[in-house]
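*Asks:* Sequence:
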Amino acid sequence: MNNWDEKLIAPCGINCGVCYVYLRSSKPCPGCNGLNENKPKHCVTCGISNCEKLVETGTRFCYNCEKFPCIRLRRMDVRYSQNYHISLIENLRNIQVNGSKIFMKAESIKWTCPHCNKIRSMHKTVCTTCNKKLV
Numbered sequence: 001m002n003n004w005d006e007k008l009i010a011p012c013g014i015n016c017g018v019c020y021v022y023l024r025s026s027k028p029c030p031g032c033n034g035l036n037e038n039k040p041k042h043c044v045t046c047g048i049s050n051c052e053k054l055v056e057t058g059t060r061f062c063y064n065c066e067k068f069p070c071i072r073l074r075r076m077d078v079r080y081s082q083n084y085h086i087s088l089i090e091n092l093r094n095i096q097v098n099g100s101k102i103f104m105k106a107e108s109i110k111w112t113c114p115h116c117n118k119i120r121s122m123h124k125t126v127c128t129t130c131n132k133k134l135v
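Its first residue numbered 1, the sequence shown is counted upward by one per residue in the numbering used here.
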C-alpha cells in the first residue's frame, strides 16, 4: 500500500491515502479513483467523483472545469475545512500550480505522526497506531 501514490488524489483534492477508510486494516477502500468494492456508499455515489463534466472532458481534477470551484466542491470544502481543517480548493490550487508529485511529498510530511512516524488519518485527532493526541 503506497499512501503517497498520486493516483490516490481524488478529483476534489482529497488525498485518499490518509482517509480512515483507506487506512483501515479490514476491507480497505481503494480510494476514489479505484474500483467501487469496499468503498463507502457516499463515495460510490459522490456527486463530485461522478460529475458529468469530469466524465465528458476526461479530466482528472476539478480545477480543469470552467465552473471551478462549483457549488458541490464549495460545500464539501466548507465541511472539510470546519471538520478537519483541510481546504480541498486550496489542495487543488496547490496541485494545479506545483503538480501532484510535490503535493504528495508535502502530504507525506503533513500526515506522518510525529510520535511513531506512521501515517495518520485526516479524520482522526489521535494517531491510530500509537494513540497519541495530534495537533
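Among the clues, some could well be false.
Simulated pairs of lysine to aspartate or glutamate, DMTMM-like, Cα-Cα distance not exceeding 25 Å [as the list claims (entries may be wrong)]: (1) LYS67 x GLU52; (2) LYS110 x GLU6; (3) LYS41 x GLU6; (4) LYS105 x GLU52; (5) LYS53 x GLU37.
Think of the hints as simulated: they come from the structure by calculation, not from any bench.
*Asks:* Now, for every hint given, state plainly whether the structure supports it.
*Replies:* For each hint, the structure was consulted:
1. Between LYS67 and GLU52 the CA atoms are separated by roughly 12 Å; this keeps the pair inside 25 Å, and the hint holds.
2. At roughly 15 Å between alpha-carbon atoms, LYS110 and GLU6 fall within 25 Å of each other, so this suggested pair holds.
3. For the hint pairing LYS41 with GLU6, the CA-to-CA distance comes to about 23 Å; that is within 25 Å, so the pair holds.
4. Taken as a hint, the LYS105 and GLU52 pair is broken in the structure, with Cα atoms around 30 Å apart against an allowance of 25 Å.
5. The straight-line distance between the Cα atoms of LYS53 and GLU37 is roughly 24 Å, inside the 25 Å bound, and the hint therefore holds.
In this structure, the one hint that does not hold is number 4.
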